[in-house]
Amino acid sequence: MKNFLRIGLLIIIGGAAMLTWAGLAGADSGQDLFNDKCALCHGNDGKGNGPGAAAFNPGPADFTAPQFWQGDVKNKIINTVKNGKGAMVPVEASNSEIQAIIGYMEKTFKP
Amino acid sequence: MLRNKLPKGILWLVLGGISIILLVPEAQAVPSFGRQTGMSCTVCHTVFPELTPFGRNFKLTGYTMSKHSKKPYEWPPPVAGMFQASFTHNNKSLPPNVIQGLDPQGSSKGNDNVNFPQAISLFYGGRIVPHVGGFIQGTFDGVAEKFFLDNTDVRVTATPELFGKDLVLGITANNNPTVQDVLNTTPAFRFPAASGVIALTPAAGAVIDGALGQQVGGFGGYFYWNNLIYGEATFYRTARSGFTQFLGAGTVTDTIVDGVAPYWRVFLQHQWGQHSLAVGHYGMVARIFPEKNAVDANGNPIPNLFNTRGVADRFADTGFDAQYQYLGRKHIFTAQTTYIHEDQRWDATFAQGGSDNNHNWLDTYRINLNYYYRTAKWGTLGGTVGYFSTWGSRDSGLYAPDPGDGSRTGKPNSDGFILEFDYVPWWQNTKVTIQYTLYNRFNGARRSYDGDVTDFPNRRDASNNNTLYILVWQML
Chain R
-6 MKNFLRIGLL IIIGGAAMLT WAGLAGADSG QDLFNDKCAL CHGNDGKGNG PGAAAFNPGP
54 ADFTAPQFWQ GDVKNKIINT VKNGKGAMVP VEASNSEIQA IIGYMEKTFK P
Chain H
16 MLRNKLPKGI LWLVLGGISI ILLVPEAQAV PSFGRQTGMS CTVCHTVFPE LTPFGRNFKL
76 TGYTMSKHSK KPYEWPPPVA GMFQASFTHN NKSLPPNVIQ GLDPQGSSKG NDNVNFPQAI
136 SLFYGGRIVP HVGGFIQGTF DGVAEKFFLD NTDVRVTATP ELFGKDLVLG ITANNNPTVQ
196 DVLNTTPAFR FPAASGVIAL TPAAGAVIDG ALGQQVGGFG GYFYWNNLIY GEATFYRTAR
256 SGFTQFLGAG TVTDTIVDGV APYWRVFLQH QWGQHSLAVG HYGMVARIFP EKNAVDANGN
316 PIPNLFNTRG VADRFADTGF DAQYQYLGRK HIFTAQTTYI HEDQRWDATF AQGGSDNNHN
376 WLDTYRINLN YYYRTAKWGT LGGTVGYFST WGSRDSGLYA PDPGDGSRTG KPNSDGFILE
436 FDYVPWWQNT KVTIQYTLYN RFNGARRSYD GDVTDFPNRR DASNNNTLYI LVWQML
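Quick note, the sequences are listed as chains R and H, same order. Going letter by letter, the first sequence gives residues -6 to 104 in the working numbering. Going letter by letter, the second sequence gives residues 16 to 491 in the working numbering.
Some clues are possibly wrong.
Simulated coverage check for chain R against chain H, where a stretch passes if three residues somewhere in it have a Cβ under 8 Å from a Cβ of chain H [unchecked claim]:
no.: 1; stretch: 55 to 67
no.: 2; stretch: 71 to 84
Below, computed lysine to aspartate or glutamate pairings styled on EDC-like, alpha-carbon distance capped at 16 Å [to be verified]:
no.: 3; chain 1: H; residue 1: Lys85; chain 2: R; residue 2: Asp25
no.: 4; chain 1: H; residue 1: Lys392; chain 2: R; residue 2: Glu85
no.: 5; chain 1: H; residue 1: Lys107; chain 2: H; residue 2: Asp476
no.: 6; chain 1: R; residue 1: Lys75; chain 2: R; residue 2: Glu85
no.: 7; chain 1: R; residue 1: Lys67; chain 2: R; residue 2: Asp29
no.: 8; chain 1: R; residue 1: Lys103; chain 2: R; residue 2: Asp38
no.: 9; chain 1: H; residue 1: Lys307; chain 2: H; residue 2: Asp273
no.: 10; chain 1: H; residue 1: Lys85; chain 2: R; residue 2: Asp29
no.: 11; chain 1: R; residue 1: Lys103; chain 2: R; residue 2: Asp55
no.: 12; chain 1: R; residue 1: Lys67; chain 2: R; residue 2: Glu90
no.: 13; chain 1: H; residue 1: Lys307; chain 2: H; residue 2: Asp358
no.: 14; chain 1: H; residue 1: Lys85; chain 2: R; residue 2: Asp38
no.: 15; chain 1: H; residue 1: Lys161; chain 2: H; residue 2: Asp118
no.: 16; chain 1: R; residue 1: Lys100; chain 2: R; residue 2: Asp55
no.: 17; chain 1: R; residue 1: Lys100; chain 2: R; residue 2: Asp25
no.: 18; chain 1: H; residue 1: Lys86; chain 2: R; residue 2: Asp29
no.: 19; chain 1: H; residue 1: Lys107; chain 2: H; residue 2: Asp127
no.: 20; chain 1: H; residue 1: Lys86; chain 2: R; residue 2: Asp25
Rather than coming from a laboratory, the hints here were simulated on the basis of the structure. Note that CB positions come from ideal geometry on N, CA and C, so glycine has one too.
With the rest of the complex left out, here is chain R (with noise of 0.2 Å):
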């Protein structure tokens, strides 16, 4: 039974390591950024409609509408995503991600 047991355990430590290497393992593209980590509640296409925009009151940000890119908007996604704004929360991100993500968002969206 001693032996099972940390079998198993070995067989959990293991495969969670291979799983985390594999998903650390990706390409880190402004665009993989984006749709890892924004799509889910902004959409792949930014408008604020992705699969998990459904639990929101209000909803996520429209990025492709024009008041979205009014006033100073590189600092107003660095807070929301390192501080959350409203029931958006805090998305784990480092300077360079984020900047990368702007990057993208800026050519993709900004009407």
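Position chain H against the provided structure of chain R, taking the given hints into account.
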């Protein structure tokens, strides 16, 4: 067994803990859900397993939300693990009959039990194919020393629109009434999420309040419209035989439902900004066969023999619940409450002479307030104050004197408080719980609740059952 060798157990705990922390830099609650969605645990959970509005939607849409939604499959496959180790201290050692009942394997002591592991689980948690997802938990029970199919909920969902608003339509197959529910007020995922295994708990509880977990299989349908209104009907049958048998794999079915037990659920919820409020109703009618009054050749009762036909007892449960949640950046607050009224018709048990009355009732009330403080640097730290109370008809046939688990007064009344401290560190998939349960009344009385002095020289007071429980809960 391992758990009796305390020093070795601690060594394993420390080694296991260290390797886990080293190996899992990325954090997720049921980590496969996190890999699938790209979200951290805090998107769906305050402190796991309690859900946020987003977590509730993730569950209602059948665990299928995925950042890989263009692909028809998940890679890596959504498997995850769980490990729980715990320590339980009772205010007074438990009598031998109680320990025997809680741990037929006989490796637990009367007090200060270290359960290493308390449980090890493997999950399939996530999307199976588009529109189909599941939460399937296989657990190794560290006390019973066996594997069983734990909480399981497999869903098929669609998300059309109705009157221009989001609609979720779903079908669920599950093995524990309320395991499919998304509010943390209903029995399967209510507070406390875990409690001492080698500890006394009150004898009386409503059927819907956990009596059928893993003993039944159910199929049902639900809708959720406009983030506002939820309705569900699910039908359970015994997992002892037939097409629901696999849903009770590994669990001895000792609560056998006659025919089909309908369960229903409605709630209204409103979410605005960081607040959400829900009020609901749930209920179930179950007809359950009594234990047979069988004796062996020497006239000793044979336990665990049940009728599977003939007259059954009938339990009708009506529950009401409410939950308020505030999800601030740093401050998180939740209040949860539920009331369950059970109408009991002991038609079979009464006929066998097992109860004094043919008709009884049992009420349960619970309320708990949770507060957590969260920072990115330290993680989430906080606690819960909970109050619980059960009261109902006096029946000395059902609640008879017995050392530890019996009742002197014949009343089911128990009440008390649970104080819990929780810490989920910044890496998010470990939870440390320190919990203290205080009984004010137990099985009908404050003092000498289990029997008279003349019957049991070691009679117990309610406060003797106060329990300290320390749990390390690791998701992998």
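Results for each hint:
Remark: the stretch 55 to 67 of chain R is not confirmed as covered by chain H, as 0 of its residues place a Cβ nearer than 8 Å to a Cβ of that chain, below the required three. Coverage of the stretch 71 to 84 of chain R by chain H holds [criterion: at least 3 residues with CB-CB distance below 8 Å; count 7]. Restraint check for Lys85 of chain H and Asp25 of chain R: the C-alpha separation of about 13 Å stays at or below 16 Å, so the hint holds. With a C-alpha separation of about 12 Å, the suggested pair Lys392 of chain H and Glu85 of chain R falls inside the 16 Å cut-off, and the hint holds.
Between Lys107 of chain H and Asp476 of chain H the alpha-carbon distance is near 9 Å, which keeps this suggested pair within the 16 Å criterion. Of the pairs offered as hints, the one joining Lys75 of chain R and Glu85 of chain R holds, with about 7 Å between alpha carbons and a cut-off of 16 Å not exceeded. Distance check on the hinted pair: Lys67 of chain R and Asp29 of chain R sit about 20 Å apart at the alpha-carbon level, beyond 16 Å; violated. Using a Cα cut-off of 16 Å, the hinted pair Lys103 of chain R and Asp38 of chain R holds, with the two alpha carbons roughly 11 Å apart.
Between Lys307 of chain H and Asp273 of chain H, the direct Cα distance comes to roughly 15 Å. Compliance with the 16 Å bound is thereby established for this hinted pair. The suggested pairing of Lys85 of chain H with Asp29 of chain R holds, with an alpha-carbon distance near 12 Å, which does not exceed 16 Å. Distance check on the hinted pair: Lys103 of chain R and Asp55 of chain R sit about 10 Å apart at the alpha-carbon level, within 16 Å; holds. Distance restraint check for Lys67 of chain R and Glu90 of chain R: the Cα-Cα separation of roughly 13 Å lies within the 16 Å cut-off, and the hinted pair is therefore satisfied.
Proposed proximity of Lys307 of chain H and Asp358 of chain H is contradicted: the alpha carbons are some 22 Å apart, above 16 Å. A distance of roughly 14 Å separates the Cα atoms of Lys85 of chain H and Asp38 of chain R; the hinted pair therefore holds under the 16 Å criterion. About 12 Å separates the Cα atoms of Lys161 of chain H and Asp118 of chain H, which keeps this hinted pair within 16 Å; it holds. For the hint linking Lys100 of chain R to Asp55 of chain R, the alpha-carbon distance of about 15 Å falls within 16 Å, and the restraint holds.
At most 16 Å may separate the alpha-carbon atoms for a hinted pair to count; Lys100 of chain R and Asp25 of chain R meet this at roughly 14 Å. Between Lys86 of chain H and Asp29 of chain R the CA atoms are separated by roughly 14 Å; this keeps the pair inside 16 Å, and the hint holds. Between the alpha carbons of Lys107 of chain H and Asp127 of chain H the distance comes to roughly 10 Å, so the proposed pair stays at or under 16 Å and holds. Distance hint between Lys86 of chain H and Asp25 of chain R is fulfilled; the C-alpha atoms sit about 15 Å from each other, no more than 16 Å.
Checked against the numbered hints given earlier, the structure breaks hints 1, 7, 13 and satisfies all the rest.
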